[in-house]
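Q: In case you want the letters, here they are:
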Amino acid sequence: MQTLVQSGTQLKSAMPLQSTQQFLSATPWQALLWKDYRQVRPALAAILIGMLGCQLLLLMSAFLIDSAGLREANAGMIMVIALVSPILVVLACCGMLIGHERQSGTWHWSSGLPIGWQKSLTSKLLVCLGSSLLALGLLLIVPLFSWQLFGGQGVEKWVFDTYGSTISLMLFLNVLTYFLLSTLLFRETLNALLIAMLWMLGTNLVILNMPLGIFENGYQLNQKLNQQAILWSAGSMGVLWLVGLVALVVAYRWRWSTGQFSTLRRGRSAVRTIPRPLHIWDQLQPSEFRMLWHQSWRNSIAKRAGLVGLAVLMVALLVSNPSLLLVASVIPLTLCGLTTFEGDQVNHRFRFLADRGVSPRQLIRARLLAGGSTALVIATIVALGSMWSMELPSGLPVMLVPLAVLSFLVGMLCALCFRKPIVAGTVAVVACLATVIIYASALSYRIYVYESNPHWLFVYALLVLGLVGPIVLYLAVRRFTKIWLIQDQLRLESRCFGLLMFVALGPLFLSAALGFLAVPNPRWQGLPLAAQAEANIQGPDLNRTRQILPAWEPAITVHEIQYIFNFDSEHFYERASKALDAITDDDGFAPSSSDLSTALETLDSRVTIEQPTRYYDDLSTMIVESTALGIIACRRQETELAVSMLKLSRNLQQIALELNPPQTVNARNLACEMLLTLTIDQLHDLSELSELESVLVLDVPDESYPWTQQAKGQATWDRAALRGDPLPQSRFGKHFWRYDWLTRNIPPLRWRQERQIARTLDASLKFIAGGQPLPARTSPHFVADYLAHQSLLARLSTLKVKVGAATSTPERSADVIVPEQELLTPAPSTEPADARDLPPNRQAGKADEDQSPSDDER
Amino acid sequence: MTDAIQIQGVSKTFGRNQVLNNVSLMIPQGVVFALLGENGAGKSTLIRGLMGYHRFDSGQVSVAGFDPIRQPLELRRNVGYVSDAPGLYEWMSVAECGWYASGFFEQGYLTAFNNFIVEFDLPPDTRISDLSKGMRAKVALSLALASDPQLLILDEPTSGLDPLVRRSFLESMIDRAAAGQTVFLSSHQMHEVERVADWIAILHDGQVQVVAPLEDLKRDVVIISFSLRDPLLAMPAALDDQNVLRRATHGRTTQLMVRGPSDDLLRQLSQEPNLFEIQSVRPSLEELYIGFSQSGLVETSTVLPTSTEQSEVA
Chain X
1 MQTLVQSGTQ LKSAMPLQST QQFLSATPWQ ALLWKDYRQV RPALAAILIG MLGCQLLLLM
61 SAFLIDSAGL REANAGMIMV IALVSPILVV LACCGMLIGH ERQSGTWHWS SGLPIGWQKS
121 LTSKLLVCLG SSLLALGLLL IVPLFSWQLF GGQGVEKWVF DTYGSTISLM LFLNVLTYFL
181 LSTLLFRETL NALLIAMLWM LGTNLVILNM PLGIFENGYQ LNQKLNQQAI LWSAGSMGVL
241 WLVGLVALVV AYRWRWSTGQ FSTLRRGRSA VRTIPRPLHI WDQLQPSEFR MLWHQSWRNS
301 IAKRAGLVGL AVLMVALLVS NPSLLLVASV IPLTLCGLTT FEGDQVNHRF RFLADRGVSP
361 RQLIRARLLA GGSTALVIAT IVALGSMWSM ELPSGLPVML VPLAVLSFLV GMLCALCFRK
421 PIVAGTVAVV ACLATVIIYA SALSYRIYVY ESNPHWLFVY ALLVLGLVGP IVLYLAVRRF
481 TKIWLIQDQL RLESRCFGLL MFVALGPLFL SAALGFLAVP NPRWQGLPLA AQAEANIQGP
541 DLNRTRQILP AWEPAITVHE IQYIFNFDSE HFYERASKAL DAITDDDGFA PSSSDLSTAL
601 ETLDSRVTIE QPTRYYDDLS TMIVESTALG IIACRRQETE LAVSMLKLSR NLQQIALELN
661 PPQTVNARNL ACEMLLTLTI DQLHDLSELS ELESVLVLDV PDESYPWTQQ AKGQATWDRA
721 ALRGDPLPQS RFGKHFWRYD WLTRNIPPLR WRQERQIART LDASLKFIAG GQPLPARTSP
781 HFVADYLAHQ SLLARLSTLK VKVGAATSTP ERSADVIVPE QELLTPAPST EPADARDLPP
841 NRQAGKADED QSPSDDER
Chain Z
1 MTDAIQIQGV SKTFGRNQVL NNVSLMIPQG VVFALLGENG AGKSTLIRGL MGYHRFDSGQ
61 VSVAGFDPIR QPLELRRNVG YVSDAPGLYE WMSVAECGWY ASGFFEQGYL TAFNNFIVEF
121 DLPPDTRISD LSKGMRAKVA LSLALASDPQ LLILDEPTSG LDPLVRRSFL ESMIDRAAAG
181 QTVFLSSHQM HEVERVADWI AILHDGQVQV VAPLEDLKRD VVIISFSLRD PLLAMPAALD
241 DQNVLRRATH GRTTQLMVRG PSDDLLRQLS QEPNLFEIQS VRPSLEELYI GFSQSGLVET
301 STVLPTSTEQ SEVA
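Chains X and Z are the protein sequences, given in the same order.
Under this note's numbering, read the first sequence as residues 1 to 858, first letter to last.
Under this note's numbering, read the second sequence as residues 1 to 314, first letter to last.
Chain Z with its partners taken away, still in its complex shape:
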């Protein structure tokens, strides 16, 4: 099965600022794919490039089987796109927005749009300028969903939505994925994304740090914490061969985020005389995000970060 989106080695520079550096992503069909990254990581640049709003300096892109540069109309006809700040016409009413957009899609678009605005409880005769930010987002979502696209690209789609609508929208993304449609979204709402995302990619400083199914990633990464009787002694040798993503020291307690730990790592650590209170927990998405974003960073603080799931080993 071909991937919904194929990104191979794309780079983009704006002036002297390199926003994307050799980014490669393969997004399978029928999944909810979440692109995570800090502000300025390059998420919006990547998404705009996927839609053909600018050319990448290098690399190749295929979106729903179309080349964004050579086949922009076909791409936009088959892909639903919602930007982070949809620029709707202030003087149009909600209904007029749908009528205007319906001119460029097939029959049935307007009907579907009107159904969506009913579902979202949007007043059809109200001007866009009189709507709140969240309601505008709903209008933009309705416009994108009304064409029933096979691929949805959403840039911060839930920004401005209240928690209830945000949750219901994201859960509807699951239903779309189940129906075979692909959802590609970028977001900062870790807790909500964690509930719906099948795959995640973390973008940091223009480079992809990790691309993997969320569950696999959670299984593959553990947070190991332990306390030291004598902090001056060296770290256990068992940790030397591990892929430590992040290390945090808080007094006598050390917390390590390790990817792909060996099976007997915990047993080895438990045999170390200098260590006690050894615990292993599965990280949350937020912790994964922080870990991959700050990979290699050694943090020293007095406050111990909490974990959602822990297992005490010793």
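Next up, chain X with everything else stripped away, as it sits in the complex:
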């Protein structure tokens, strides 16, 4: 072999000039920033992929969820993911840039180069901040998209409210500073992060609750902040940050130079030859399991104690928000699972077990016993803490069981598969949070879509969702432990990723598949309308589950359906115009106030003095006429007259309802649409607003029934939404529910759109035909929706839902029989026709045709 005979100096002088030009050296900042960025890149990628995946899944589920409230919740969660991602990134950066470097020895080597501590620290801070901003920026894309789709609170307002407040900024800076400081002081990365977490939670608990004892108004997390309390909290956190910053600078300088190998312990502890607990067992024959159990217990005992402390602090901080506490408890539970194998991966210590032929089963049992017992303690603390809150839904502790098992096993699996503890921790926490979010979305989707048409499969799927994941993970841990001990160099990371995705996404697909099986659509076929209304679709009782999840309401109203089909009021105007024509003079002048009063008296006398006509068409015409007069009165600001007209219209509708409910609904729909021509301002100007709105709302058992007010408010919102007016309040789903080409061509979207409309029809029919009192939790939307169910019938014709022949009943004058052929035919011509000349069934069909827009309009 050739020996090295030339020193570097001689080599350099011997090199031809062009060879040296090929190698471009780095600048100090280039080298440092590049190195630090590459160091954090894997963890950053894991966080971005995990969080982005959660956001996309939430967005996808928002498309499928019916409830507007849930969609808003999903949108909120999408935004929360984006806003907390910088904190996760900071944790990962601290772990990788300092903790992992110190543990792996690269810190020692890097500090041996002529790099100043100032440059090194600055580079790390820049990479931390840059990565946080990058994560925030990338994860804000989906919220922007969802905001455009669903409306809601603007992205900029979210960001500003979160990061614009001084307290939030101080919190972020404190997290960055103290986590960096902790990784400098403590050698074990996870220990350091855990201690920093405890410190942050503890200090914030004190700082945020301190004003309670100082200021009169106090400071409570769920209430409006007191200005003095804000100042106190922000000031305290600012002081804390400054202290931390000084400590960070001093500690970094020390660790970079003379403190490389110093520990915080005063002296090296003596090595125990036989641990004390084993003295008792000395009398017994040592067994493999006993030794493994002892090793598992001693290993990471400090971490587990810290995790229990973390759980206590979390409960103290989040006791008023049990849902958030449940989600946050994922972190200590996952980290507890992480401690089972975490110590074995450092410096390949697991080879000690592998070389001795340790049984994988015994090892898993010992590790599960040690780590699982701690997880049980943590779960108990969280359960007790969540039950402490007075606002707790009763099902929450039950949900903690599968959540705890899942989180623990995910942590265990990640500790087994990833050699670097910080990467394992990051992947585990992100995977757990993603799984919880996905499970919650799948659960809510299944529950809320099928509340009225449940299927036994998805009820038991709730249990399956909670069992599939943990079982798969446990089997994987068993399998991988065997591989891990036997085949040293086998890379398990890719298998772990695959498993985590299966566990997270599997129930979602399972839920969707079960939902598809549970489609109740075929029940409509072949039934007459009345029978459809009376059809009692059986299903399991979901009351308990409803208690767990908050109340919901259908996302779609009839007005939105009209918007979907670009339904306008042209045909209403046409009929109203005819009515107006009948009461205007030959010159086309609209009736004067006196004429309106006269017309009102005439109509009123016809209704109250004379016998009400038995012909539906008469009533229909009178309703239209009275409503038209009412609108004119509204425009003339003749409030009293308008109210009287509309009251008359309402009375007529009540009469018509007794004669022919479906047709009356149709007539009422006409009246509603006419009222929709009025603007919000015009309605608000009228002092008798409540009276006007009551036209849109049916009689209810109790006027003071709370959701009646909701119904009225909802009607106000619906009018504004339909006209494109500024919305009184933010609302999710403003322009979303379209039956456009996208919906028609994507089967899942089309399917759910059809189901939603069918469900709305079902509820409307039940209400109308059954004459039932309003169910206790019926949404106010149903109240408004039923008024236009004829439109739904017409629309359903395009959705291939058939309505068969009807059988008349003595209680009803006539069931609506809508011949299939008529329903399937396109909209009729615009030439008006005198409905009175048509037979009853054709009159019904004609009424539908008048309302349905033409193909051109569509």
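None of these hints come from the bench; they were simulated from the model.
Check each hint, because a few of them may be wrong.
[Said to hold, decoys possible] Partial pick of chain Z residues on the chain X-facing surface, computed with a CB cut under 8 angstroms:
{"no.": "1", "residue": "48"}
{"no.": "2", "residue": "52"}
{"no.": "3", "residue": "86"}
[Stated by the list, open to error] So the derived list for chain X, only partly shown, Cβ under 7 angstroms to chain Z, looks like this:
{"no.": "4", "residue": "31"}
{"no.": "5", "residue": "104"}
{"no.": "6", "residue": "109"}
{"no.": "7", "residue": "112"}
{"no.": "8", "residue": "113"}
We put the CB at the ideal spot given by N, CA and C, even for glycine.
Start from chain X and add chain Z according to the hints.
A: Showing chain Z alone in chain X's frame:
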């Protein structure tokens, strides 16, 4: 000429364990200086202190004219250091390691580094995690040598290297010393160090037992062995005034390691009636190391240690 490294009365304690106790060393320029010691003797602690990774509890240190505590950057710019387990970034390739380090040295560093990896036959695009222990050591050596430092401090530099590379590396240290550069290394490989070291220091229990040029030390220490006709009789009086570093008795045969024996010691011993088969040999470095490490120890065994060079006196 100022010394490359000056260590005066340094001590270091970790907790209740005193690792270094009043250690003083003066390492001249342009030599290969080997620091020998058993495991836990304090070699790495001393070397880390020289690089400024921790403060000594007492004493003064000057490395290449720089104070490791007050002038760490200047020190690291002018001193090449390779630790016993270099912590290179696992995800970096060999070339990337050199590029990264080049950011902190002058122009020409990267070129020199690339030349060294060619010389060491290292694949530039291979990740550090995929390299063997020996190849990682070569990368670390290349990184240290590329800046052409005046002083090289190497902590177990040849650990993990195959014998051929180890020999060629150590011989290159001779060339560096000849060019005026100083090499300070710690090692357990006695045979290799013996071939290249100019000076040696032996550290035992945190204290320096000996610091001297290797050749002078070899000349100054002899191993005298003799057999006794009557083992019950007292040792010859000629041995009373000698600096006996180590004494080993194997049956009737006694072996003494004596430092600085008097000129007529052998003649006096040969006149002793009780002694026969008197031999004097020059010790190897390993024997010197054992002798100084176990100074004062009386060893009794049935196996007689062998010597590389002997001269029979009687």
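Q: Are the hints correct? Go through all of them and say.
A: Do the hints match the structure? See the list:
| no. | hint | in the structure |
| --- | --- | --- |
| 1 | 48 | 7 angstroms, holds |
| 2 | 52 | 6 angstroms, holds |
| 3 | 86 | 5 angstroms, holds |
| 4 | 31 | 3 angstroms, holds |
| 5 | 104 | 6 angstroms, holds |
| 6 | 109 | 4 angstroms, holds |
| 7 | 112 | 5 angstroms, holds |
| 8 | 113 | 5 angstroms, holds |
Hint check: no violations occur; every hint is consistent with the structure.
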